Structure formats: C-alpha cells, structure tokens
Amino acid sequence: MVPSDLVVDLSRWQFAATALYHFLFVPLTLGLSFILAAMETVYVTTGRTIYKEMAQFWGKLFAINFALGVATGLTMEFEFGTNWSTYSYYVGDVFGAPLAVEGLMAFFMESTFVGLMLLGWHRLNRVQHLTVTWLVALGSNLSALWILIANGFMQDPHGATFNPFTQRLELTSFMHLLFNPDAQAKFVHTSLAGYVTAAIFVVGISAWYLSKGRHIELARRSLRMAALFGVLSSVGVITLGDALGFIDGGKQPTKLAAMEGLWETEQAPASFNAIAFPSQEEQRNLFAIKIPYLLSILVKHDLSTPIVGINQLEQEAAQRIKNGIPALMALQAIQKNPDNKQALATFDAHKQDLGYAFLLKRYAPDVAKATPTQIEKAAKDTIPEVWILFWSFRLMVAAGFAMLVFLIFATLYSLKTDCRRTGFLKIAPWFIPVPFFACEMGWVTAEVGRQPWTVYEQLPTWISASTHSASYMIFSLTGFVLLYTCFIVVEMYLMTKFVRQGPDEPGSRAGGSLAGQPVFAHPLLAPHRD
Amino acid sequence: MEVLTTYAILKITWWLLLGVLLMALAIMVGMDMGVGTILRYVGRTDEDRRIALNIIGPHWDGNQVWFVLGGGAIFAAWPTLYGTAFSGLYVVMLVLLWSMILRPLGFEYRSKLASAKWRNLWDWTLFVSGFVPMLVYGAAIGNILVGFPFHFAQEGTAVSVYTGSFITLFNPFAILAGLVSVSMSTLMGSLMLMNRGEGALYERARRVAGLAGPLALILFTIAGIWVANMKGFVINGTLDPGMQASPLTNLPVSIVSGGWLQNYANHPILWLLPLLTYISVMLATLLARMGRSHVAWWLGALGWIGILGTVAAATFPFLMPSVTDPAHSLMVWNASSSANTLGWMLGWTIVFVPTIIVYTSWCYWVMRGKVTAKQVAEDDHAY
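Which chain is which? The protein sequence lines are A and B, in order.
For the first sequence, position 287 (counting from the first letter as 1) is numbered 287 according to the UniProt record's numbering, and the numbering increases by one without interruption.
For the second sequence, position 14 (counting from the first letter as 1) is numbered 14 according to the UniProt record's numbering, and the numbering increases by one without interruption.
Treat each hint with caution, since some may be false.
As the list claims (entries may be wrong) - Calculated pairs, PhoX-like style, for lysine-lysine (alpha carbon to alpha carbon, straight line, at most 25 Å):
#: 1; chain 1: A; residue 1: K290; chain 2: A; residue 2: K300
#: 2; chain 1: A; residue 1: K426; chain 2: A; residue 2: K497
#: 3; chain 1: A; residue 1: K52; chain 2: A; residue 2: K497
#: 4; chain 1: A; residue 1: K212; chain 2: A; residue 2: K52
#: 5; chain 1: A; residue 1: K416; chain 2: A; residue 2: K52
#: 6; chain 1: A; residue 1: K52; chain 2: B; residue 2: K374
#: 7; chain 1: A; residue 1: K341; chain 2: A; residue 2: K322
#: 8; chain 1: A; residue 1: K497; chain 2: B; residue 2: K117
#: 9; chain 1: A; residue 1: K60; chain 2: A; residue 2: K212
#: 10; chain 1: A; residue 1: K60; chain 2: A; residue 2: K497
#: 11; chain 1: A; residue 1: K60; chain 2: B; residue 2: K117
#: 12; chain 1: B; residue 1: K374; chain 2: A; residue 2: K60
As the list claims (entries may be wrong) - Some but not every residue of chain A turned toward chain B, in silico, with C-beta under 10 Å:
#: 13; residue: F66
#: 14; residue: N83
#: 15; residue: S85
#: 16; residue: V94
#: 17; residue: G120
#: 18; residue: L135
#: 19; residue: N163
#: 20; residue: R168
#: 21; residue: L171
#: 22; residue: L459
#: 23; residue: T467
To be verified - So these bits of chain B aren't anywhere near chain A, every CB distance computed over 12 Å:
#: 24; residue: F170
#: 25; residue: P214
#: 26; residue: S254
#: 27; residue: I255
#: 28; residue: H267
#: 29; residue: R289
#: 30; residue: F316
#: 31; residue: P317
#: 32; residue: V323
Hints are computed from structural coordinates only; laboratory data are not their basis.
These numbers come from a predicted model, not from an experiment.
Think of the CB as a built atom: it goes at the ideal place given N, C-alpha and C, for glycine as much as any other residue.
Same shape as in the complex, but just chain A (with noise of 0.2 Å):
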C-alpha cells in the first residue's frame, strides 16, 4: 500500500503552497527585528527620541507580520507528520532533532520575548527593552538557523546512516548534522536575503513618505540606516550564493545541470547558457545563448574542471539503480529474519544504493524482476524539471543583482543633506516586492531542484507521501488556499491602512476604541445583568 501517483503530486502542491506563502514573512521577520534592535539601540546610546519613534512605528508593522508569519509556521511542522508520514518515520530520528531544538533554544525566545517587546515599553528600563528586542532578533534568526540545518539534511545527508532492522535513517553524529556545509552556507545566504527584503521594505515605504512630504525626520533616518543594511547584506547575498553554487555544484550534480540547463557534458572551460528554452522531452535546448568560459568560473572556480551534463547522469543514474537492487532484496530478506549474516553482508555492500532502488520499485514493484525500460524510466525520474530550475534561478540572480544597485542608489540618496523629491523617490515603493519574489524563487530553486528526493539520493519523494485518499487531499489543499488567501488580503490591507497612516502622535491610538459602547451584547446573554 503505497500513496498514488496524484495523491503524491497533491502532497506536494500543498507543502509547496504553505511553504510559500510561509516564506512570504519569514525573511522580513529576519531581517526587521534587526532593524528595530538598531533603531532601538540609536535610541539607547544616544537617547534621540525619534529613534523610539521609528522603532515603535516600525514595531507595529512587524508585528502584523509576525502574526501570520506564526500561524503558517505552525501548520508546516505538523505537515511532515499529517503528510509525509512515511517520511516521518524514515527521518525523524535525524531531521526531528533540529526542528525540536529550534523549538527549545529559538522559537520559544523569540515568542516568549515579542510579547514584551511590544507591551513592555511601559514596563521596562530602556536597557531591559533594548535587550527584549535584541533576543527576539537573535531567536528568529537562530530559528532559521536550525530550520535549515534541517533543510540541508534533505538536500545532502550528513551524520545519519540506514539501519536495516529498525528500516529507518539513524543519527550517527549530531556535529556532522550540525556543520553540513549546504546548511550553513544556506543559512547565511537565506537570512540575508531576509535583512535585504526587510530594507527593501524599509526604504521603499520611507521613500513614499519622503515623495509625499509626511514624516519627513523619521522617514529620512530610516531610509539611511535600511539602505545601509541593505547593501551590506545584498553583497553577502551574493557572495554567498556563489558559494552555494559551489557546494551544490559537487554535491548535488543534476540540480546544477539543470539548473544551467547543460544536457551534454562540457568539457573545461565550460560555457554558460544566459537564455535557454529547454525541452524535457527532447533532452535538449531548442535554443540558447551562450557565454563561453563563464560556467565553469562560476561553479568550479577555475578553468579545468569539466561539468557534467544531465544526460550522462542519467546513466550514471541507471547504474546506481542496478547497484541498489541487490540491497533493497537484501533489506527484505533481513526483515524476515534479521540473523541472515549474507543478506546483512550483500546488503552492506550496496547500501550507499538503497534509495536508487526505490525510485525503481514505483515502476517494478518486485525490483528482482525489473526491465530496462522500466530502470531507464526510473533513471529519468532522476533529473528534476529543467525549465523551472533553469528560469526560477535566473529570476532570482537577476533579482539580487537589481537589488544590489537599487539599494547602491538608496545609500547615495541617503548621504544627500537635503531630501530633494527624485525619480528615486517615485520608483522605489514599487521595488517592495522584488525581495520576495527573489526569495520565493530561491526556494523554488532548492526544492525543485532537490526532486526526485525528499532526503537526496536516499529517499523518493514518491515513498514519502502518507497513504491518504485523493479526496482528503483535494479538500486540504483547497481548504489551505482558501484560509491562507483570505490572510493574505488582510494582512496587505493593514499593512497598507498603518502606512498611510503613518507614525501617531505619542499618545494617540493606532487601532480607534468602542470604549464603554455595550455593542457585544449577544441576544442569548443579553438579560443578563451583573
């Protein structure tokens, strides 16, 4: 009993579609809480009051960003477990331990702390506050940390082998886990984007105010200290990136071939294909354009390396699925009787196959019995889809480089004394969602690009699903995108409301009162007098 093929694609458009529109507050949490922890820390050292002010402002936009950024976490966690059932059981013992430890040493921080952030202005001394904003700003981004600690154990396992009796991955060394050179790179690369779309956000809001003449001494501070933050961060951003490139390039060969869309093996020096149409079926470009020499800098970082292309992985591929048949076999007979000294030893000696074997066991469910078609067709499993990798990374590089040089103009405008009204002005509101297309798009790229694996070249996406009926699936992700659409527009709607209305007067209140007004009163409880 193994889920079909449409309740599978169904797992996958649901987990796509909640991680997405997760990731669409997640960066700027990280990256805003910084923001609002160096306002606040202006404030503290040099006692300005108006950096109060902006961090308070700024505070109230987080805030309603948070709210949602909270609720959509909450449902991807218990996700892998109502989803991924198989998954659950296969993982867990490895890729349950960091997600509970960012429960232990940064969600809870995080959330217990951005209580009395917001509240506790009253009740706390400036250094207590200050320190308040400092932690919620350190737990989100340690959040992320162990996030994508996890996230790097799918994309390239380390610290976990296969035990064949209890038929699960099993933790063999949790510093291996914790120093995965995909997940610290990741790390680093993903919550500077979020700093990047976070002064994005900043800048192009205090660019509106400074068009429209409102707010003009906290839009101006704020505009230089985001635009700042800003480039430093984006040029991380890309240096990082690189060095991603450069991890996955030798880890994970058929994202990066397809994600360059290289059919053919390229002998050293490698071109690069600017614009590609590639074409799946034909396992070929119908057209390209090529920058010649450039690939290989870019991924190999020299000259001589050649990069290997999606069709003779595929080979390569077939080979390994051969290779696991043996231990998948082996594996069975250790489950009906786990003292089989040969079955433990053949099973040893192509275990590093394992996960090959199933992707073959979808076509040929008894994998001794298997065709060459039917491995050739598994083989091909193996590359991911080409166009989308090939477009939703280049939609994201160009994006971070756009970003780059709109943030380079924000800093050159910030260092102008007076703030005269220019094009930058105008243009800059509309560059806000740049950052979170970037940031989509990067997830678009790791993800994808990971298929066919939940957990690479050790276990089919396809395995992973629970064995759930199509119709629960139907109503779920229906459900899903009903719920979550409805949130999205309400939360673009405060967001715009708090805009345009801009910092308060001190004392005033943002959200208006029905004070003393006994407008609840519902008609089952109304004769009811105290």
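Assemble chain B onto chain A, guided by the hints.
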C-alpha cells in the same frame, strides 16, 4: 526485576519528558485557549474584551510554543508515533491546525480597526481557536484509551496505513475526554482573568471558574467509570524494553476487558493520581469562589497533572494501541528514536527547559498586576 539498559532508561526518560510537555501544553496554552473560549461571555463590552485579551496578550505567543515543542519533541523522540498519529488523524489535525492559525491573527488584528463588525468576527475566531484545539487535544488523549484503527504495511520500509474514517476519532468516549479538557482549560483561563482583571470581568470569570471546576470533575468521573468497563490493551508475558525500535516486530499484545486497570492493580499507589485530581480541582473551585485565584490557579495546574498522569499510568507503555492489529501497537519500547538521538535531545532539554522556565517566569513577573482600561487605551501596541 531485570536491570534496564541505558537505551531503555532513555526511552522511559523521554516518556516522562513527553508527559511534562503535554502537561505544560495543557496548562499554559490551555489557559490562553480557555480565555478565548469564554471571551464572549466574560467580556460584554469592547473594553472588557480588550482587557481580557491584554491579560494574556504578552504571553500567549510564548505559551503557544509548548504546542510547537510538543510536536517537535514527538517528531524527534517518537518519529513512528509522529507519522502514524498525525497522518491517521488527518482531518482532525487539519481542523486543529486551521483553528489554531486563526489565533495569532485574532490577537494581532482584532483591535487594529475600530469597527464592531470586524472585532466581533475576530472574537468568534478567538472562540473557535480556543474551544476546538482543546476539544481535539482531549479527544486525542481519549482515543489512546479507545485504540486506533491502523497497521503497518511492508514496502521495504514501514508504511503506516490508517483504516478508519475521520469520524472514528470523534467517538463518544473521545468527545467526553475532549469536554474534560475544555472544562479544565476554561477553569484555568477564568482563574487567570481573576488574577489580573477587575470589576465585572472579574465577577464573571469567578462565576465561570465556580462552574468549570465541578464540571471537569463530573466528566472525569464518568470517563473513569467508562474506562473501567471498556476493553484495554495488555502485554502477555514480557517485552525487552531495550529492543530495537522497529514497529514491525510482532508484539504479544491482546485486548481484554478492564485491561487499562491492570497497572493500577499491580501498583495501587497509582490511585494517588486520580485522587490528586479530585482534591486539587475541588480546592481550586473553593478558593476561586473565595477570590483566592492565585493559589487556585496553581491547584488547577496540579489538577491537569493529575488527569494526564491518570491516563499515562493506565496506558503505560502504550503510546498508540492498534485495534486493527494489536501486534502493531506503538509503545514506549518500539516507537522511539535511536539511543544517540534520545541522548542528544536529552542534553538539549536539560539545558533549555530550565532556561525557558526562568525567562518565562521573568516575563510574567514584569507584566504582573491588574490590567486596567486606562492602560489598554493608552498603550499604542495593546491588543
């Protein structure tokens, strides 16, 4: 008695820690959800409702992490249970999650607009997101006693297959257990509102506390009589607690009438747990009526510990018994992570749970005292 291996001791330690987590979840998140459940009753005016929300306002988010941590800890320490339970409970889990995600929005967005319609809408979502999760929480625990219709299929690796429909999970006993949970959370919520509220809000909260406590005890008693007469799971002979954690071993498990009382028969001292529930909840109710809500709150927390302890004592070592194939039941012995993971996670827990308790206490201390209408009206960030 034979000497337990390190692995077996780790498993038992984690079973105890899981209990601590589920208790913390029930007490802390349950309290906030209780406030949500009774919000529309205790707060007759917008002002009262805002005071009620601001009483738990600085803490609801931190408290909610016990729920998140509960999920994460089960994932890390009992991965088989995590995958099997949550996929089996699919529709129930969705209802739980969908109602839970309304909470952060209800808190954060409700008072942002000065419109009665808008605020009423969010008050309803706060009711739903307080009542439904606590009902599901209790029902899930009730279903441990009823048993779940699932088994494992062999696909080269273990694949859990759930054979019931979602309505199976809302059987009469589970609903009864769910109502125990709702009344306990209402008790805790109303005691918190008494601690930090005044005037009409305080009076209504006191009335709720006076009713919720006795109701919880009556429902708990009915559930107890029911359990004594229902079929329970027992192990025939002995199992090695240090066994490899595979769900595919055929376990010598059978279902017998009154089986859940076997642990109590073997260790009569366990009867202290239900006794603890009766004494503490009764005292809590009494003190609430006298207006001593702070002490009553701590007694209510003890009551929760008694209730969950009673269930835990009855079901040990079962985590998720299978009615379809009792030999595939999940237990403390066969559903846990490897010794290495349990050891590492224990280390993290020993460092961080006390840390969390210290800073959470500090936060409550900072925000102590009565919440007044004036404070709420003046604070720019107030809920």
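Verification of the hints:
1. Between K290/A and K300/A the alpha-carbon distance is near 18 Å, which keeps this suggested pair within the 25 Å criterion.
2. Between the alpha carbons of K426/A and K497/A the distance comes to roughly 19 Å, so the proposed pair stays at or under 25 Å and holds.
3. Distance hint between K52/A and K497/A is fulfilled; the C-alpha atoms sit about 21 Å from each other, no more than 25 Å.
4. Between K212/A and K52/A, the direct Cα distance comes to roughly 22 Å. Compliance with the 25 Å bound is thereby established for this hinted pair.
5. A distance of roughly 23 Å separates the Cα atoms of K416/A and K52/A; the hinted pair therefore holds under the 25 Å criterion.
6. Between K52/A and K374/B the alpha-carbon distance is near 22 Å, which keeps this suggested pair within the 25 Å criterion.
7. Proximity of K341/A to K322/A is assessed by CA-CA distance (about 22 Å); at most 25 Å being required, the pair is judged to hold.
8. The hinted pair formed by K497/A and K117/B meets the criterion: a straight-line CA distance of about 18 Å does not exceed 25 Å.
9. As the CA atoms of K60/A and K212/A are separated by approximately 21 Å, the hinted pair is consistent with the 25 Å bound.
10. A threshold of 25 Å between alpha carbons decides the hint, and for K60/A with K497/A the separation of about 12 Å falls inside it, so the pair holds.
11. At roughly 22 Å between alpha-carbon atoms, K60/A and K117/B fall within 25 Å of each other, so this suggested pair holds.
12. Proposed proximity of K374/B and K60/A is supported: the alpha carbons are some 20 Å apart, at most 25 Å.
13. Hint status for F66/A relative to chain B: holds, with the closest Cβ pair at about 8 Å, below 10 Å.
14. Because the closest C-beta pair between N83/A and chain B is about 7 Å apart, less than 10 Å, the hint holds.
15. Using the Cβ-Cβ criterion of 10 Å, the hint placing S85/A at the interface with chain B is satisfied: the shortest such distance is roughly 4 Å.
16. A distance limit of 10 Å between C-beta atoms decides the matter here; for V94/A the minimum to chain B is near 7 Å, and the interface restraint holds.
17. Hint status for G120/A: holds, given a least beta-carbon distance of 6 Å to chain B, under 10 Å.
18. A cut of 10 Å between beta carbons decides the hint on L135/A: the least distance to chain B is about 8 Å, and the hint holds.
19. Because the closest C-beta pair between N163/A and chain B is about 7 Å apart, less than 10 Å, the hint holds.
20. Checking R168/A against chain B: minimum C-beta separation of about 7 Å stays under 10 Å; hint holds.
21. Taking 10 Å as the C-beta cut-off, the interface hint given for L171/A holds, the closest approach to chain B being about 5 Å.
22. Evaluation of the L459/A hint against chain B yields a held restraint, the C-beta minimum of about 8 Å falling below 10 Å.
23. Contact between T467/A and chain B, as hinted, is supported at the beta carbon level, the nearest pair being about 5 Å apart and thus within 10 Å.
24. The non-interface label for F170/B is consistent with chain A: the shortest C-beta to C-beta separation is roughly 16 Å, beyond 12 Å.
25. Every C-beta of chain A lies more than 12 Å from that of P214/B, the closest at about 20 Å, which supports listing it as non-interface.
26. The claim that S254/B lies off the interface holds: its Cβ sits roughly 24 Å from the closest Cβ of chain A, which is beyond the 12 Å cut-off.
27. Non-interface call for I255/B relative to chain A: holds, since the shortest CB-CB distance, roughly 24 Å, exceeds 12 Å.
28. Every C-beta of chain A lies more than 12 Å from that of H267/B, the closest at about 31 Å, which supports listing it as non-interface.
29. For R289/B, the non-interface assignment is confirmed: its Cβ lies about 16 Å from the closest Cβ of chain A, beyond the 12 Å cut-off.
30. Residue placement check: F316/B keeps its beta carbon more than 12 Å from all beta carbons of chain A (closest about 22 Å).
31. Under the 12 Å C-beta cut-off, the non-interface status given to P317/B relative to chain A holds; the minimum distance is some 18 Å.
32. Under the 12 Å C-beta cut-off, the non-interface status given to V323/B relative to chain A holds; the minimum distance is some 18 Å.
Hint check: no violations occur; every hint is consistent with the structure.
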